[in-house]
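Undergrad: Following the hints, complete the assembly by docking chain B onto the known chain A.
Chain by chain, the residues:
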Amino acid sequence: MAKILIVEDEKAINDLLKLNLEMVGHQCTPTFTGREAIRAAGEQGFDLMLLDVMLPDMEGFAVLEKVRDVPTIFLTARGATTDKVRGFGLGADDYIVKPFEVAELLARVQAVLRRTHRAEAEYRIDDLVIRWDAHEVLQKGERVDLTPQEFALLRILIENRNVCLTRQKLLSEAWGTDFLGESRTVDVHVQKLRRKLQLDDHIKTIYKNGYRFEE
Amino acid sequence: MKLWQKTYLLSTLLCALILYGCMFSVTAPALSATVRSATDAALREEKAIAAALERTMDQAPEGRAIPVLRTFLGYYEGTGLTFRVAEGEEQIYSTLPCPILKSPGTLGFLRDGGRLYLFVSDRLPSGFDFVYLKDGSATDGLLRRQVTAAALTGTAVALLMAAALYALLYRVNLPVSRLAHEMRTPLTAMKGYAETLRDARLTEEQRHMAASYIAEESTRLSDVSARLLTLHNAREESTPFGPVDVEELFSHVARTYPTVTYEVHWPTIFGDGAMLSSLLNNLVDNAVKASPAGAPVELRAAPNVLAVMDHGSGMSDEALAYVNHPSRFKRLHPGGGLGVPLCHQIAKAHGAKLTYTRGADGGTVATVTFYNSLTT
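Heads up: the protein sequence lines correspond to chains A and B, in order.
Per numbering that gives the first Met the number 0, the very first residue in the first sequence carries number 0; after that it's consecutive.
Per numbering that gives the first Met the number 0, the very first residue in the second sequence carries number 0; after that it's consecutive.
Pulled out of the complex, with its shape left as it was, chain A reads as follows (with noise of 0.2 angstroms):
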């Protein structure tokens, strides 16, 4: 779980921003402006801030360069290259472009707070104890031997909580990109994972869709 600040004037767009990350497990603190942005930042402490670049009363960039300290992706409607440089040379550490993808969304918050080490260290649910950094999962204090493909899939299922990821989604995530693989190649590997920790009732299949994670 991880503290997110998010920073976008849009209404929708702020609550489609909340459902999704809390959805996840991320505690968010939804701001429209950017003033109210630096002030939020300045009261408590945050793993990651999600920035608009086109606020009300100021540009993104400069509630940027108030705000150090915190991760940040920015996010805006224009793609300009020249938008990209500037972000990232006053230290953002991400760049989403409207309209996003959700599980893109999804998947560029978690690799940032990877990337800086804002991620949870460790994930519990009913009896298992799973610790990301040193790969390993404990059942009731037991190691239980899973292979890193087994791995890869659980941590991005868990990752998307409450959020369904295609067969397509998950072999690229857990597979990487390049990998050629068949979708029963999932469906092979959740059903491990079912059996080797119990987590059938956790672990849904959806009609048409793939799987999803369920608390």
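Keep in mind that the hints were calculated from the coordinates and are not lab data.
All values derive from a computational prediction rather than experimental measurement.
Accuracy of the hints is not assured; some may be wrong.
[To be verified] Some but not every residue of chain B turned toward chain A, in silico, with C-beta under 7 angstroms:
| # | residue |
| --- | --- |
| 1 | 180 |
| 2 | 187 |
| 3 | 190 |
Backbone N, C-alpha and C fix where the C-beta goes; we use that ideal spot for every residue, glycine too.
TA: Relative to the frame of chain A, chain B by itself:
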């Protein structure tokens, strides 16, 4: 850089080049006239002096010609004129500030030590070589002033033209990019909520919120597309005009907004029905939003005038200034959107003018006054 900006830069550059070309061709004759009058004056003066010198030397006693020559030319010291007299290779007299070796019978300008001089090289009837040199700083200054004035005028005109052209193109091109931006937000929201509905495990309440946002944002999107279309029509000013029944126009608006009452004392307008309907809808929509719930909004058509009156709390002076001249404001007024600029565009396309005033009871009155005889 956007395409229109590239086109703008290119055409401005071309115009500036042509402009400078014109300035040059206008200035060049003036410059050569200055040069000619200066050389003519110098030549006349030199001839006069040479003739006087010749006469004086003729009248001098035998053998005293050279001293007389010195005395005669000595008179000119401190007048800005200097001379040199030589017989063949032998120099007899010289007050020149710099050595000049020009063959007799030539005249022109020369520059030495940063100063401009006018020279005339002549041969006297008595066989002496006579060089006349005049300080040309007055001519130099005049030439410089002429060139500077031409360059400054050219630059000023070019800058003025470039600025005016940019302002025009900016106005024509900006709203479209602004609209494109306005479409991006509803698109992002709709896409995002649709994906969320498909993929996420939502509570009933969240599902309702997502669906409501999709419905809301799609309305906004169709709104933008309608505005885009009308804006296009208004800008092209090429839609066919025809007689429009005011009664029908008003009753259509009254069907959409139940609080609207209307009076018609002007049965027919010559114009574009769809555009006028859009104009009225916009004005009435704003009036209804500004009114307390259930308060009437009055529509009135008098000859050459359409008016929309509400009984709301009225607008601040700042807001009135904005709605009367939206184009003067750099940013969209919060909540102003494109409705008001669009209404102005439609009015303009009909040769009419839209003005907002404060009503007797503090509400707002929007008046469209038709000046163009075509529409009436």
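Undergrad: Of the numbered hints stated previously, which ones are contradicted by the structure, given in increasing order?
TA: none
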